[in-house]
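Student: Residue numbers (UniProt numbering), protein chains in the order written: chain E, 1 to 186; chain W, 1 to 800.
The hints are all genuine.
Quick list of in silico lysine-lysine cross-link-like pairs, BS3-like style, CA-CA up to 30 Å:
1. W/Lys142 to W/Lys294
2. W/Lys702 to W/Lys335
3. E/Lys144 to W/Lys629
4. E/Lys85 to W/Lys579
5. E/Lys144 to E/Lys85
6. E/Lys144 to W/Lys784
7. W/Lys512 to W/Lys391
8. W/Lys784 to E/Lys74
9. W/Lys335 to W/Lys629
10. W/Lys629 to E/Lys74
11. W/Lys142 to W/Lys91
12. E/Lys85 to W/Lys784
13. W/Lys512 to W/Lys702
Honestly, the hints are just simulated from the structure, not real lab data.
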Amino acid sequence: MNHKLLSPCVRTPLVCFLLALPLSGVAEMSPLADEVLSGVSGQGGIYLSGDIRINEVGGPIENSYFGRCDDATKKCGARFAYRLKETGGWLVLDDIRGSFAFEGLTLGLTTIDSGFAGDGDLFNGDALELGLPNTVRFSDVRFKIAASNAPRPTDPGFQQTDIFAVEMQGNVIMEGNLLVFPAGNP
Amino acid sequence: MRFTKAHSYTIAFPSGVILLAMASHAVADMRSLDDSEMASVSGQSGITLEMDLGVTADRVSYFDDGQGIHLEAFRVGSASDSSGTAHHLVKVDIGSDASLNLDYLVEDRRIEFGDIRLAGAPGLGIGGMYFDHSLQGFLNIKSGGAVGGEGYTFDTAYTMTGGRLGYRTNGNEVFLDGITMDVEALGITLDVVDDTLRLNAPRVVGNWQVDAIRYSGNPLNHGVSVDAGTGALLPSYGGLSGQYDLSSRTDIAAGGRNGQGLRIDNETTIHSASFLYHDDANVIALRDITGTYKVNDLRLDVTSDWQNRPALALTLGSMEGHFNIGAIEMGVNGKNVGEVNVSFLFGDRMFNGRTYTNAIYLQGGGHADAGPQGLRLAAEWSLQRADVSYKEDGNRVIFSGLQSWGRGDVTVNVTRDEVRGGTRFYDGLRVGFEGVSAGYRINGLRVGSEDAKLQGGTELLLALGFYPAYEFELDGHVTLGAGGASGEGITVNSDIRIRNGKAAIIADPYDKGAGEIRQKGLWISELEYDAHLRDMTIDATEDGLAMVTGEAWSTMDIGNLRVGDKSKGRSFGRFVLQKYETGSSMAIIPGGAGNVCVGGQGSSATACQATGGIWETRGDEGITVRLEKKLARALNDTRKNAFSWETNRQLDGIGNPVNGTGTGLVLNDIYTSDGGDFDGDGLEDNAFGIRTDLAVDVYQTKVLKKQDGPDSLGVVGAKGDEKIMDTGAAQGYRYTSNPTPGDLNNRPLGFAVKARSRFKELSINNIDLVHPTGGAQTAVYGVKMQNFDIRANLTATPIP
Numbered sequence: 001m002n003h004k005l006l007s008p009c010v011r012t013p014l015v016c017f018l019l020a021l022p023l024s025g026v027a028e029m030s031p032l033a034d035e036v037l038s039g040v041s042g043q044g045g046i047y048l049s050g051d052i053r054i055n056e057v058g059g060p061i062e063n064s065y066f067g068r069c070d071d072a073t074k075k076c077g078a079r080f081a082y083r084l085k086e087t088g089g090w091l092v093l094d095d096i097r098g099s100f101a102f103e104g105l106t107l108g109l110t111t112i113d114s115g116f117a118g119d120g121d122l123f124n125g126d127a128l129e130l131g132l133p134n135t136v137r138f139s140d141v142r143f144k145i146a147a148s149n150a151p152r153p154t155d156p157g158f159q160q161t162d163i164f165a166v167e168m169q170g171n172v173i174m175e176g177n178l179l180v181f182p183a184g185n186p
Numbered sequence: 001m002r003f004t005k006a007h008s009y010t011i012a013f014p015s016g017v018i019l020l021a022m023a024s025h026a027v028a029d030m031r032s033l034d035d036s037e038m039a040s041v042s043g044q045s046g047i048t049l050e051m052d053l054g055v056t057a058d059r060v061s062y063f064d065d066g067q068g069i070h071l072e073a074f075r076v077g078s079a080s081d082s083s084g085t086a087h088h089l090v091k092v093d094i095g096s097d098a099s100l101n102l103d104y105l106v107e108d109r110r111i112e113f114g115d116i117r118l119a120g121a122p123g124l125g126i127g128g129m130y131f132d133h134s135l136q137g138f139l140n141i142k143s144g145g146a147v148g149g150e151g152y153t154f155d156t157a158y159t160m161t162g163g164r165l166g167y168r169t170n171g172n173e174v175f176l177d178g179i180t181m182d183v184e185a186l187g188i189t190l191d192v193v194d195d196t197l198r199l200n201a202p203r204v205v206g207n208w209q210v211d212a213i214r215y216s217g218n219p220l221n222h223g224v225s226v227d228a229g230t231g232a233l234l235p236s237y238g239g240l241s242g243q244y245d246l247s248s249r250t251d252i253a254a255g256g257r258n259g260q261g262l263r264i265d266n267e268t269t270i271h272s273a274s275f276l277y278h279d280d281a282n283v284i285a286l287r288d289i290t291g292t293y294k295v296n297d298l299r300l301d302v303t304s305d306w307q308n309r310p311a312l313a314l315t316l317g318s319m320e321g322h323f324n325i326g327a328i329e330m331g332v333n334g335k336n337v338g339e340v341n342v343s344f345l346f347g348d349r350m351f352n353g354r355t356y357t358n359a360i361y362l363q364g365g366g367h368a369d370a371g372p373q374g375l376r377l378a379a380e381w382s383l384q385r386a387d388v389s390y391k392e393d394g395n396r397v398i399f400s401g402l403q404s405w406g407r408g409d410v411t412v413n414v415t416r417d418e419v420r421g422g423t424r425f426y427d428g429l430r431v432g433f434e435g436v437s438a439g440y441r442i443n444g445l446r447v448g449s450e451d452a453k454l455q456g457g458t459e460l461l462l463a464l465g466f467y468p469a470y471e472f473e474l475d476g477h478v479t480l481g482a483g484g485a486s487g488e489g490i491t492v493n494s495d496i497r498i499r500n501g502k503a504a505i506i507a508d509p510y511d512k513g514a515g516e517i518r519q520k521g522l523w524i525s526e527l528e529y530d531a532h533l534r535d536m537t538i539d540a541t542e543d544g545l546a547m548v549t550g551e552a553w554s555t556m557d558i559g560n561l562r563v564g565d566k567s568k569g570r571s572f573g574r575f576v577l578q579k580y581e582t583g584s585s586m587a588i589i590p591g592g593a594g595n596v597c598v599g600g601q602g603s604s605a606t607a608c609q610a611t612g613g614i615w616e617t618r619g620d621e622g623i624t625v626r627l628e629k630k631l632a633r634a635l636n637d638t639r640k641n642a643f644s645w646e647t648n649r650q651l652d653g654i655g656n657p658v659n660g661t662g663t664g665l666v667l668n669d670i671y672t673s674d675g676g677d678f679d680g681d682g683l684e685d686n687a688f689g690i691r692t693d694l695a696v697d698v699y700q701t702k703v704l705k706k707q708d709g710p711d712s713l714g715v716v717g718a719k720g721d722e723k724i725m726d727t728g729a730a731q732g733y734r735y736t737s738n739p740t741p742g743d744l745n746n747r748p749l750g751f752a753v754k755a756r757s758r759f760k761e762l763s764i765n766n767i768d769l770v771h772p773t774g775g776a777q778t779a780v781y782g783v784k785m786q787n788f789d790i791r792a793n794l795t796a797t798p799i800p
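Whenever a hint applies, use it, and build me the whole structure from the sequences.
Tutor: Here's what the structure looks like:
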């Protein structure tokens, strides 16, 4: 079974940037040679394809702030707010919308008993294997980064500052497998 | 002519003795007929017997190897008058072929016994049973059986009306009310073959109906449909009805598993049958049922169980068979969910180093605190193999190699709402579990037919709420009360505790064809699970089946999430999931997703394909699950929604991690809300919750090869080639770069799920990081998610 490094080939620079963020922790990984892969045997699991759409036409709330997407005076996306200080303000991802489509996301197990510059031999056990889909299509994915003084837009005295907006379109090629090793101290 | 019965009986069988200990009194007096009664008797051939029968006995006993079981307070008499008699009218005629013909009419008869007790278990009883009925029919008996002139041949047909079949413990009853039944069985033969009594029924046809299954918690009620105090109809679980056309052969021989007893062998073929559940005006129907089953070496003994408790034992050599349910219909239009087929073999087998058999030891007592009467079933089972298939719109998936094993006590009591002996009981039929150690596992999937190649992919069952493999120790109860959200239906209260659980999220086959192997997977191990359910109503509705929960809370403490071996695989750490919901609901609706555009947009095939999507026509059958989960705010440490992950735990003296000693991440007090107090009651509204619709179909899906070269089964293809099922290929499939229209009709089958999940507001009160010495430190002071509407079309198939 071929295990390659996560190697996103991106057709839009922004998507490439965003995908790079969560991958920084594995920046030192490199593609595995075939001889390294010889100790990996295939196991059972499932193969997933499909699409996920967030707030395609709006969400379940209709009030002074949220509405349907054909109402230009309202926001129809989802909202995610959190705060890191007990009495502080809220960091917000607002008006989250968009859709993702993919083919061939796999979830299964694999045995690692060699390779990985000798680490595989030391590990000599089973790992969770997430096989990345070859292609992920992003369609009208968008959200805003904002800061607000209250979690709900309907709270009294609500104020919010939109910092910047993100929009994504296009295809992302994601090849290889993500291996999750239970290697720590439980 | 009128007869009155008042007799004592002693009946001996070769394998045991039935003793009617005492006929306590004659109920009716013998008298002569007056002229007016005589006037109604016209001259006929044969004899007419008219009886008003009342028989009581303190005890009827059966002895087997010196151990006895006693039916106490036995009575035959009137069903409507506890001191009255049952009217019998029998016309006896001898046919020209020397056959004996009995035309009979039985009115208002009750056969009952107040308790069943086992010698050696003083103070404990199984409980009482009663059977009310009126019968009209005939019985024709001819000499000569199936194998010669020594036997008999029977033809019979009857109609039963006003039937009632009840079970009573400690003054509480559950009973089938308003039973009607038509039965015709012609050509039944009875022969003695060697030392075996053989009963052969070439064809038995009939239909039946139960108006209501009722519950009474009033000790003053006994075998009545209305409450003695209020006069109101007793609450009902709903009604049943059905029809059947079957044939069977039964062999009965002397000799139990040990010494005296009975041996029964049976083979039955169900040519057609149906089973319907009625809830008010709504019906859930299992139709077009066919199948066969064979019972081999079933023994009946009065003996002791493995804990030396006196019991009536039913021990089984083996039982095998298969059933097919052609249609499962529900909802106002009787829409079909699909077709289910089950084949099974129960027989002795070793699981986890221990041999399991199939046996039930019936004992008296039930739950220790419920009162002296109740049923305790010390049970052991061994399901060697079963295949369960589901077919909808012509697509079939087989869950192959289901095995199950277990041992423990199951108690049955009819209870009422009270605290008794320190135990909380609820109205209804209580099924308790005490020390049940059990498990099951599934080997893999087959698609299309039983002889198709075995595949992985049992994880697909998670979409239906089942683990592919599960071992556990179970205690607790499920109490089924009468009456749903309105009118008929079922109300469930339960408290369940699982210990030492091991459940698979991902599971490899346990046998790939070369014998049993260690089943690898992603395992929830060292699971401690406490779940409590209050006032969950279950009703058949116009849409399908609806379940509404009053209050539910649970703690799922996963000691280790392991990869590989379920007991020794490396661990991701400890995970604890707490749930607390009020007013949540679930509806099961027939019919799946219908037409779907996967990966694109559009309401037609052309529009969908123009946006890069795949247009799928998933048909009319399938199943839709509609969930409404209302996560309540934390009430206390046990009733709240929270999630925690703990690692780096200290080890005890034998190397096991000690919970609560490591570092942790805690998402505390997770709850849903409508986003404000809109009804002005001072509390935030929580009527919307998380609403999720899941439409599940078995459907073909596009599967692409992800790497060049051979896959795990050695089938060669290039990256991007499509997988096509092909019975002519060595592994049952092949890869092709340019699938033909014919190939596209043979895409792999899997589960297709169309999902939509919405919530107005989902909050996390705080997210803490826990240090083993520094304690919890809050990292995030609140998370609030609003206005989410997530739709997904996902297809899941086994990995090639």
